[in-house]
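**Student:** Here the protein sequences come in this chain order: A and B. When the count follows the numbering used here, it moves up by one through the first sequence with no breaks and lands on 291 for the last residue. When the count follows the numbering used here, it moves up by one through the second sequence with no breaks and lands on 151 for the last residue.
Bear in mind the hints are in silico, worked out from the structure with no lab data behind them. One thing to keep in mind: the hints can contain errors.
Under the rule of at most 25 Å between Cα atoms (straight-line distance), these lysine-lysine pairs were calculated in the DSS-like manner [to be verified]:
#	chain 1	residue 1	chain 2	residue 2
1	A	221	A	167
2	A	221	A	281
3	A	186	A	167
4	B	26	A	139
5	A	276	B	110
6	A	167	B	22
7	B	99	A	139
All values derive from a computational prediction rather than experimental measurement.
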Amino acid sequence: MPAALWGEKTGCFTNADRTVHISHKAVEPPGEARSDLDIFFDFAHRMDLKDKDGAPLVKWRTPEETFEAWKQCSKGRPCDYSGMSYEKLSGSPGIQWPCKEEYPNGKERLYTDGIFNTGYDICETFGYDIITGVERNKKQYKANDPGGRAVIVAADYETPHEEPDDKYPLWLTTGRSVYHFHTRTKTGRSKALNDAAPDVFVEISHEDAHSYGIEEGDMIKVVSRRGSVKAPARIADVIPGTIFIPFHYGYWDKDQSEHERAANELTLPVWDPVSKQPHFKYAAVNMTKVS
Amino acid sequence: MGISNYISYLQRSEEELAKAFKDVSKEHMREPDVYEMCRLFASWSLDHVQNLAAMLSRYGKEKENEPGQMVYSLLGRTTGSLGLLGDLRLLWVMTNEVKLGWIILQQCSKALQDEKLKLACVQFGSQTIRQTEWLTMKIKHSAPQILTVPL
C-alpha cells in the first residue's frame with residue numbers, strides 16, 4: 001500500500017464476455033504507490049512462501065512473466081488463455097478465451113453444439129433453494145438430472161420485508177444517477193460529473209407534493225426505522241406514494257454535520273439468501289418538510 | 001380411527017414450532033438472516049396448522065388416548081451467540097420431529113388410499129424439509145465461529 005491505479009501499471013483485464021484486453025503503463029504511480037503485482041511480490045517475499053521443492057513459490061518478476069504463468073494454469077480448462085501473449089494482445093482490440101491451438105484468435109461463441117457443462121459429473125455446483133439459500137447436492141441433482149435442459153426455478157410469492165403503514169406511509173426506492181458510479185470516489189472527482197449532480201435529492205410525485213405542501217427545492221426529511229436523510233425535493237414523474245433517493249451520496253467527503261444523506265442507511269439489513277447481495281432497495285418511510 | 005389423533009398431534013406440533021420460530025427470531029433480531037428466515041418459517045408452520053385443521057374436519061376428532069404433546073422449553077438458555085447455537089439446535093430437533101410426523105401421515109395416506117391427503121403431506125412435508133435444511137446449513141455456518149473463536 002498505497003496501490004497504483006489504471007494507467008499506472010501494466011496488466012490485462014478480462015470482461016464479462018470473455019474478452020481479454022491489455023493495458024500498458026502510461027505514467028508512473030504517484031508517491032509511494034506500487035502496482036498490485038509489486039505489492040503481491042513483496043508480500044510473498046516477506047511471508048517466505050515456498051514451493052514443494054524449497055524454492056520461492058512466486059517465480060515470476062514482471063507482469064508478462066506472471067501472464068505466462070497464468071496461461072499455463074488455465075491451459076486445458078474452459079477459460080484457456082494459452083494461445084494469448086502480450087504481443088498478440090497489444091496488436092488486437094481484444095481476444096476472447098478460450099484461445100488455444102484450435103482457436104488461435106479466441107472463440108466468439110460457446111456452446112454452438114448445444115452441449116453445456118451441466119452434466120452431474122462435470123459441474124461443481126448444483127443450484128440452490130432460492131428462498132432459503134440451501135445448496136443442492138450432487139445426489140439431489142442426479143436424481144432430477146435435467147439432461148442438458150434448462151431448469152426454470154420457481155418460488156412462491158412472499159410479501160415484502162417491510163410495507164408502508166400508518167407511521168411510515170410511503171414507499172422509498174433507491175437507485176442510480178447517470179452521472180455517478182457507486183460512492184463517487186472516482187466520479188465525484190470529475191468536475192463535469194460532479195457539477196452535473198453535486199448533491200443528494202428526493203424525487204416526489206406531483207400528488208404527494210401537493211398533499212404535503214412541498215414545493216420544488218424545499219428541504220425534506222425522510223425517515224425510516226433505521227435512519228434519516230435530509231435533502232431538497234424534486235417534483236418528478238414518480239408514482240404517487242413512492243419517493244426516490246439516489247444512493248451515491250455517502251458522507252466520506254462531508255464533515256459530521258452533513259451526515260444525513262446516505263440513502264442506503266434507510267434500507268433494510270436484509271440480503272438475498274443465495275447471492276448475499278443486500279436489498280438496499282425499498283423501505284417504508286415518512287416525509288416531512290424541514291422549515 | 002387413530003389417524004385423527006395423529007393429525008391433531010401434528011397440528012399442535014406445528015403450532016409449537018411456529019411459536020418457537022417466532023421466539024427465536026425475536027431473541028436474535030441482530031442476526032438479520034435468522035430473523036427473516038425464522039419469521040418466514042413460522043408463517044409456513046402456521047399455514048400447515050390451518051391446513052391440518054381442514055384435514056381434521058374430514059376425519060373427525062377423537063378425544064381418547066391422545067398422544068403426548070411435543071413440548072420443548074426454550075427457557076433457561078444462555079444469551080448471546082452460544083444461545084443462538086442452542087436455539088438453532090432446539091429448532092432443528094423440533095423441525096425434524098415435525099418432518100417425521102408428515103412422513104408418518106403420508107404413509108397412512110397411502111394405506112388409506114387417500115390421494116388428497118397424500119398430496120397435502122407431500123406439499124407441506126416438503127416445506128418442513130426445507131426448514132430442516134436451512135437450520136442444518138445455518139448451524140454448520142455458525143458453529144465454528146461461535147465455538148472456536150476466543151471471546
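**Student:** Determine for every hint whether it applies to the structure shown.
**Tutor:** Outcome of the hint check:
1. 221/A - 167/A: Given pair residue 221/A, residue 167/A holds - Cα atoms ~14 Å apart, limit 25 Å.
2. 221/A - 281/A: It holds: about 18 Å lies between the C-alpha atoms, which stays within 25 Å.
3. 186/A - 167/A: violated (38 Å)
4. 26/B - 139/A: Violated, at roughly 36 Å.
5. 276/A - 110/B: violated (41 Å)
6. 167/A - 22/B: holds (23 Å)
7. 99/B - 139/A: holds (20 Å)
Consistency with the previously given hints fails for numbers 3, 4 and 5, ordered from lowest to highest.
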